[in-house]
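Starting from the given sequences, assemble the full structure and let the hints guide the process.
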Amino acid sequence: MKIAVACEGSLPEDSISMVMARCASFQILDTESGNLESKPNLLKDGEHGTGVKVAQWLLEEGVTLVVSGKVGPQAQKVFDEAGMKTLALKDGRASDILSKLRKDFDS
Amino acid sequence: MIIAVASGKGGTGKTTVATSLARIAADKLSTDICLIDCDVEGPNADIYLKPRISGTKLSTQPVPVVDSEACNICGKCAEVCAFGAIAVLPDRVLIFDDLCMGCGSCVWQCPENALSEKDHVLGEMREGSTSTLAFAQGRLEVGRSRATPIIRNLKKWQIRPERNAWYILDAPPGSACATLEAVRDADFILLVAEPTPLGLHDLSLLVGAVREGLGTNMGVIINRSRGRDGPLEDYCLREKLPILARIEFSREIAAAGAEGQALDEVMPQIRQTWEGLLGDIQ
Chain A
1 MKIAVACEGS LPEDSISMVM ARCASFQILD TESGNLESKP NLLKDGEHGT
51 GVKVAQWLLE EGVTLVVSGK VGPQAQKVFD EAGMKTLALK DGRASDILSK
101 LRKDFDS
Chain B
1001 MIIAVASGKG GTGKTTVATS LARIAADKLS TDICLIDCDV EGPNADIYLK
1051 PRISGTKLST QPVPVVDSEA CNICGKCAEV CAFGAIAVLP DRVLIFDDLC
1101 MGCGSCVWQC PENALSEKDH VLGEMREGST STLAFAQGRL EVGRSRATPI
1151 IRNLKKWQIR PERNAWYILD APPGSACATL EAVRDADFIL LVAEPTPLGL
1201 HDLSLLVGAV REGLGTNMGV IINRSRGRDG PLEDYCLREK LPILARIEFS
1251 REIAAAGAEG QALDEVMPQI RQTWEGLLGD IQ
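Those protein sequences? They're chains A and B, same order as listed. At position 84 of the first sequence (counting the first as 1) the number is 84 in our numbering, and the numbers step up by one without a gap. Count along the second sequence starting at 1, add 1000, and that's the number in our numbering.
There's no promise every hint is true.
To be verified - Covered stretches of chain A, as calculated for chain B (at least 3 residues, CB under 8 Å):
1) 50-60
2) 75-87
Unchecked claim - Pairs of lysine-lysine residues, derived as DSSO-like cross-links and limited to a Cα-Cα distance of at most 30 Å, are as follows:
3) A/Lys44 to A/Lys90
4) A/Lys77 to A/Lys90
5) A/Lys2 to A/Lys85
6) A/Lys77 to B/Lys1156
7) A/Lys2 to B/Lys1076
8) A/Lys100 to A/Lys85
9) A/Lys70 to B/Lys1076
10) A/Lys77 to B/Lys1076
11) B/Lys1155 to B/Lys1050
12) A/Lys2 to A/Lys44
13) A/Lys39 to A/Lys103
14) B/Lys1076 to A/Lys85
15) B/Lys1155 to B/Lys1118
16) B/Lys1076 to B/Lys1028
17) A/Lys39 to B/Lys1076
18) A/Lys90 to A/Lys103
19) B/Lys1155 to A/Lys44
20) B/Lys1028 to B/Lys1156
21) A/Lys90 to A/Lys2
22) B/Lys1028 to B/Lys1155
23) A/Lys70 to A/Lys90
To be verified - The calculated label-pair distances, taken between Cβ atoms and stated as ranges, are:
24) A/Asp91 to B/Val1080: 36 to 42 Å
25) B/Glu1141 to A/Ala88: 29 to 35 Å
26) A/Asp45 to B/Gly1011: 28 to 34 Å
27) A/Asp45 to B/Cys1177: 15 to 21 Å
28) B/Asn1217 to A/Asp45: 33 to 39 Å
29) A/Asp91 to B/Asp1097: 31 to 37 Å
Don't read these hints as lab results, they were simulated from the structure. Cβ coordinates follow ideal geometry from the N, Cα and C atoms, glycine included.
As structure tokens, then:
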């Protein structure tokens, strides 16, 4: 599976973003290959329907679990309809969150 | 002649001023007067004017619908949508009616002709009259978020050159799209301001938006005035905004407003102020 953590900066060491669609980047971990990618969120300053656009992008990236502080209602609808899971966390570094989740899925 | 009553901050007395001014204008002027309540998120001018409603009309906007038989999930519609109103899932297309602006690009560009348009109801518009003036009002449907198109539709419906009337528009609060849509073609904007820090702050945002975007002439009515209104008066002086009237801070006026009485019913002397103002605008 592919886990995306919404991140306040561009590095895995940066904190989780409290708003999914407006985050600076997504740290995306492929749990099968162990490959970690940092993808800048080029849509974050959009004016209209940003949540839906970001959700569409994550869907196309093959993400199956989205971790952030909060997901807006429209983006949540896209995730729900597409069968993608969401997880809300209040704080933590993206790298710590990903390694913990990976351990949970491995065990 | 179109006079818009606006404020920046909410609750400063726009409707109080607009309805009372409309009543006096209908008495004094020989032209027809029409009060249009453009505050579609919280319309309440009817409380003060008590009009008889004679007609209603739905305010709608086109939104796309997918023919799932014809759609092959190519994704072109989501790609061309500037408003994020369409998401393309592996097996179907999701449309967000409330994000759609009705531009029609998706329908035009669908290679399979799988999209058509239906009317999405944004709200309702009503028209009617009192014994002296015409009245119209827009009302945003509960759960909808887009006030601007209703205000546009309401004005298009009511403001017609052959009517040869004076229109007094009760604008929504704020300084964003809905407010600017309400005031955009006004000949004069009456700003109702209260002498508080927040009142002044929001007033200055609206003044800035009007000056930058429209250039309409404006004047200020100070509501809940305590006589000397320090920072607000200084601001008006600095910005060369004439102070056209003051309404005193009074429990009696507030109580009458809560009972649905028009301002000139509780404060008859305001008639002279409104008559002078109408003469000046004329």
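Outcome of the hint check:
Closer than 8 Å: that is the beta-carbon criterion, and the stretch 50-60 of chain A has 7 residues meeting it against chain B, so the requirement of 3 holds. Counting residues of the stretch 75-87 of chain A whose beta carbon lies closer than 8 Å to any beta carbon of chain B gives 4, which meets the minimum of three for the stated coverage. This hinted pair checks out: A/Lys44 and A/Lys90 have alpha carbons roughly 20 Å apart, not beyond 30 Å. Of the supplied pair hints, the one linking A/Lys77 and A/Lys90 holds, its CA atoms being roughly 21 Å apart against a limit of 30 Å.
Distance check on the hinted pair: A/Lys2 and A/Lys85 sit about 11 Å apart at the alpha-carbon level, within 30 Å; holds. Under the criterion of a C-alpha separation no larger than 30 Å, the hint pairing A/Lys77 with B/Lys1156 is inconsistent with the structure, at around 35 Å. Restraint check for A/Lys2 and B/Lys1076: satisfied, since their Cα atoms lie roughly 25 Å apart, inside the 30 Å limit. Among the hinted pairs, A/Lys100 with A/Lys85 is consistent with the structure: their alpha-carbon atoms are about 17 Å apart, no more than 30 Å.
Restraint check: the Cα-Cα separation between A/Lys70 and B/Lys1076 comes to about 29 Å, which is no more than 30 Å; the hinted pair holds. Between A/Lys77 and B/Lys1076 the CA atoms are separated by roughly 20 Å; this keeps the pair inside 30 Å, and the hint holds. A distance of roughly 21 Å separates the Cα atoms of B/Lys1155 and B/Lys1050; the hinted pair therefore holds under the 30 Å criterion. Between the alpha carbons of A/Lys2 and A/Lys44 the distance comes to roughly 21 Å, so the proposed pair stays at or under 30 Å and holds.
In summary, the hint linking A/Lys39 to A/Lys103 is supported, as the alpha carbons are separated by about 23 Å, within the 30 Å threshold. Annotation: proposed proximity of B/Lys1076 to A/Lys85 holds, straight-line Cα distance about 26 Å (limit 30 Å). In summary, the hint linking B/Lys1155 to B/Lys1118 is supported, as the alpha carbons are separated by about 23 Å, within the 30 Å threshold. Restraint check: the Cα-Cα separation between B/Lys1076 and B/Lys1028 comes to about 59 Å, which exceeds 30 Å; the hinted pair is violated.
Taken as a hint, the A/Lys39 and B/Lys1076 pair is honoured in the structure, with Cα atoms around 23 Å apart against an allowance of 30 Å. In summary, the hint linking A/Lys90 to A/Lys103 is supported, as the alpha carbons are separated by about 20 Å, within the 30 Å threshold. Under the criterion of a C-alpha separation no larger than 30 Å, the hint pairing B/Lys1155 with A/Lys44 is inconsistent with the structure, at around 35 Å. Note on B/Lys1028 and B/Lys1156: the hinted pairing holds, with a Cα-Cα distance of about 26 Å set against a maximum of 30 Å.
Simply put, A/Lys90 and A/Lys2 have alpha-carbon atoms about 21 Å apart, close enough for the 30 Å limit, and the pair holds. For the suggested pair B/Lys1028 and B/Lys1155, the alpha carbons sit about 24 Å apart, so the restraint of at most 30 Å is met. As the CA atoms of A/Lys70 and A/Lys90 are separated by approximately 9 Å, the hinted pair is consistent with the 30 Å bound. Between A/Asp91 and B/Val1080, the C-beta spacing of about 39 Å keeps the proposed range 36 to 42 Å intact.
Checked against the hint of 29 to 35 Å, the pair B/Glu1141 and A/Ala88 passes, with Cβ atoms roughly 30 Å apart. For A/Asp45 paired with B/Gly1011, a C-beta distance near 32 Å keeps the hint of 28 to 34 Å intact. The given range of 15 to 21 Å is respected by A/Asp45 and B/Cys1177, whose C-beta atoms sit roughly 18 Å from each other. Our hint of 33 to 39 Å for B/Asn1217 and A/Asp45 holds, since their Cβ atoms are close to 35 Å apart.
Checked against the hint of 31 to 37 Å, the pair A/Asp91 and B/Asp1097 passes, with Cβ atoms roughly 36 Å apart.
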